[in-house]
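Q: Residues per chain are reported as follows:
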Amino acid sequence: MSPKVSEHNAHPLSLGKYIGGFLGSIVLTMTAYLLVTRGSVSKGVLVGILASLALVQFVVQMVFFLHVGDERRPRWKLLVMVMMLGVVLILVGGSIWIMNDLNYRMMDSPQQMQKYLKSQDAL
Amino acid sequence: MSEVTTLDMPRIEAQATEKTVLGFWVYLMTDCVLFASLFAVYAVLHGNTFGGPGGRELFKLPYVLVETMALLTSSFTCGLAMIAAQKRDRSQVLLWLGVTFLLGLTFLGLELSEFHHMVLDGNGWRRSGFLSSYFTLVGTHGLHITFGLIWMAVIGIFIVRRGLTDGTLKRLTLLSLFWHFLDIVWIFIFTIVYLFGSLNI
Numbered sequence: 001m002s003p004k005v006s007e008h009n010a011h012p013l014s015l016g017k018y019i020g021g022f023l024g025s026i027v028l029t030m031t032a033y034l035l036v037t038r039g040s041v042s043k044g045v046l047v048g049i050l051a052s053l054a055l056v057q058f059v060v061q062m063v064f065f066l067h068v069g070d071e072r073r074p075r076w077k078l079l080v081m082v083m084m085l086g087v088v089l090i091l092v093g094g095s096i097w098i099m100n101d102l103n104y105r106m107m108d109s110p111q112q113m114q115k116y117l118k119s120q121d122a123l
Numbered sequence: 001m002s003e004v005t006t007l008d009m010p011r012i013e014a015q016a017t018e019k020t021v022l023g024f025w026v027y028l029m030t031d032c033v034l035f036a037s038l039f040a041v042y043a044v045l046h047g048n049t050f051g052g053p054g055g056r057e058l059f060k061l062p063y064v065l066v067e068t069m070a071l072l073t074s075s076f077t078c079g080l081a082m083i084a085a086q087k088r089d090r091s092q093v094l095l096w097l098g099v100t101f102l103l104g105l106t107f108l109g110l111e112l113s114e115f116h117h118m119v120l121d122g123n124g125w126r127r128s129g130f131l132s133s134y135f136t137l138v139g140t141h142g143l144h145i146t147f148g149l150i151w152m153a154v155i156g157i158f159i160v161r162r163g164l165t166d167g168t169l170k171r172l173t174l175l176s177l178f179w180h181f182l183d184i185v186w187i188f189i190f191t192i193v194y195l196f197g198s199l200n201i
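Chain order of the listed sequences is A and B.
If you count the first sequence from 1, position 36 lands on 36 in this note's numbering, and the numbers rise without skipping.
If you count the second sequence from 1, position 157 lands on 157 in this note's numbering, and the numbers rise without skipping.
One should not assume that every hint holds.
Said to hold, decoys possible - Result set (DSS-like, lysine-lysine): computed pairs, CA atoms no more than 25 Å apart in a straight line:
| # | chain 1 | residue 1 | chain 2 | residue 2 |
| --- | --- | --- | --- | --- |
| 1 | B | K170 | A | K77 |
| 2 | B | K60 | A | K43 |
| 3 | B | K19 | A | K77 |
In short, the hints are calculated from the structure, not lab data.
Take the sequences, apply the hints, and build the full model.
A: What follows is the structure in structure tokens.
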């Protein structure tokens with residue numbers, strides 16, 4: 001590949017990539033949609049499948065529409081993206097973890113809390 | 001840089017564009033963090049319906065699918081506008097940018113109508129924690145789309161009046177990044193809010 005001068009100069013955008021990304025996204029979206037509306041997959045499995053389909057579509061659009069990965073070294077865009085993914089993972093994962101834990105510890109009533117503490121031999 | 005022997009202005013300009021694009025990319029990634037925190041709030045609050053309706057009762061999936069397809073297609077036509085811009089084909093750029101704008105406007109119209117009906121039915125953002133987080137997350141995305149549409153209209157006017165100069169081409173490049181990015185955020189709104197919501201997860 002010839003050295004890239006800028007986003008829109010020496011590095012020609014290919015129509016094929018956009019069409020591929022577009023068709024891929026349609027197939028992934030429709031699969032997810034039909035699995036929810038028509039499918040008979042159990043809920044637990046379905047959550048995993050839907051999350052995977054969304055992640056695959058994320059990668060497809062990042063690669064085919066935003067051209068992640070075909071930049072010249074040093075790959076600053078990729079580096080910033082990986083940093084973002086790390087922050088997002090900590091932020092979302094951490095929030096859900098902490099709040100679920102808090103829900104568990106803050107039980108419905110003081111009586112329930114007493115019962116729980118007794119069962120743990122804390123009183 | 002070995003192939004550069006003389007001071008070459010287009011090349012220097014191209015490098016300046018590359019820096020601008022990187023700067024804009026960094027902005028987009030921080031915007032991702034903003035959306036991630038709203039997703040986290042939604043994930044925590046989505047079960048707190050306070051006796052009101054949940055996602056299963058409120059969301060109409062076929063309607064949301066049309067919204068999704070409109071936005072996805074607009075992301076594709078935005079790419080076509082960029083390809084035309086690279087070939088310096090002004091009328092093609094205007095055509096695809098116009099199609100992108102109309103599809104974006106369709107998406108926004110459908111979303112606002114959905115919001116309008118929910119509020120009229122008494123299921124506004126004040127109804128429950130679930131609805132507050134829903135309107136904040138989806139509304140923030142809609143606000144981004146609104147600004148994107150304004151930006152697109154301005155660039156369209158620039159192209160009509162000044163032609164495809166290096167300046168307008170640079171703005172168009174940034175806009176296309178922004179527009180593709182908004183479609184990527186929508187993948188997660190579609191999956192986590194609408195699909196999971198209608199499954200009562």
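Q: All hints are to be evaluated individually against the structure, with a verdict given for each.
A: Hint check results:
1. K170/B <-> K77/A: holds, 17 Å
2. K60/B <-> K43/A: holds, 19 Å
3. K19/B <-> K77/A: Between K19/B and K77/A the Cα gap is close to 11 Å, so the pair holds against 25 Å.
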